[in-house]
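Student: Take the sequences, apply the hints, and build the full model.
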Amino acid sequence: LAKTTQPISMDSYEGQEVNITCSHNNIATNDYITWYQQFPSQGPRFIIQGYKTKVTNEVASLFIPADRKSSTLSLPRVSLSDTAVYYCLVGDGGNQGGKLIFGQGTELSVKP
Amino acid sequence: GAVVSQHPSRVICKSGTSVKIECRSLDFQATTMFWYRQFPKQSLMLMATSNEGSKATYEQGVEKDKFLINHASLTLSTLTVTSAHPEDSSFYICSAMGGPSGSGELFFGEGSRLTVL
Numbered sequence: 003l004a005k006t007t008q009p010i011s012m013d014s015y016e017g018q019e020v021n022i023t024c025s026h027n028n029i030a031t032n033d034y035i036t037w038y039q040q041f042p043s044q045g046p047r048f049i050i051q052g053y054k055t056k057v058t059n060e061v062a063s064l065f066i067p068a069d070r071k072s073s074t075l076s077l078p079r080v081s082l083s084d085t086a087v088y089y090c091l092v093g094d095g096g097n098q099g100g101k102l103i104f105g106q107g108t109e110l111s112v113k114p
Numbered sequence: 063g064a065v066v067s068q069h070p071s072r073v074i075c076k077s078g079t080s081v082k083i084e085c086r087s088l089d090f091q092a093t094t095m096f097w098y099r100q101f102p103k104q105s106l107m108l109m110a111t112s113n114e115g116s117k118a119t120y121e122q123g124v125e126k127d128k129f130l131i132n133h134a135s136l137t138l139s140t141l142t143v144t145s146a147h148p149e150d151s152s153f154y155i156c157s158a159m160g161g162p163s164g165s166g167e168l169f170f171g172e173g174s175r176l177t178v179l
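Those protein sequences? They're chains A and B, same order as listed. The numbering used here puts the first residue of the first sequence at 3, with every later residue one more than the last. The numbering used here puts the first residue of the second sequence at 63, with every later residue one more than the last.
One or more hints might be untrue.
Stated by the list, open to error - Within a straight-line C-alpha distance of at most 30 angstroms, the following computed DSBU-like cross-link-like pairs (lysine-lysine) qualify:
hint : chain 1 : residue 1 : chain 2 : residue 2
1    : A       : K113      : B       : K128
2    : B       : K76       : A       : K5
3    : B       : K126      : A       : K71
4    : A       : K56       : A       : K113
5    : A       : K101      : B       : K128
6    : B       : K82       : A       : K113
The hints are simulated quantities; they were obtained by calculation from the structure and are not laboratory data. For clarity, every value in this text was computed on a predicted model and none was experimentally measured.
Tutor: Pasting the structure below:
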């Protein structure tokens, strides 16, 4: 399972775009990149998943360069409720049956 | 959407007692579930992989006799913390892969906070 590296913390203000970058130099060919959000005393919640290039859904975008050694989660116009810990995980999900190893995550603090 | 539910959400027990935490996949079958432990201000640490109908696979450093895992059906896995001590106080989270459409998405439970006095 590929190891991931993220900034420990980030600060932002309401209405700004936030980009969190994750490094995964040892990503394997079959690995997908998945981001989760976790609020205090709750289980992680799925945000977005991608394999290459760009993926967008109703809450975020995920940018993955051609070499796939990093990825960037983009949160448009954050609000106070986006204050949470964001985890980047890499794995091939299906073949590993969902076994994912969590890194340290990025604690995002959104200020008014 | 698919939901994974844990019970209880909070439990307080005396040192030396055993505590059972349940993890249920509510609208899909999960042959594999995962148990994590999370201490304050730390990331989730994978404890074990729970396999329906067979023995759980524990991560290195996790005591299998201390943390008993049973996956008796396709919708239920249980984690029993035996002879709990204050250092076992933590947030325990389960996850399951699946969903009605077999999407392969991983769903997490709400977590169970254990406090051992």
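Student: May I ask which of the numbered hints given earlier this structure violates, with the numbers listed in increasing order?
Tutor: As far as the earlier hints go, 1, 2, 3, 6 are violated by this structure, in ascending order.
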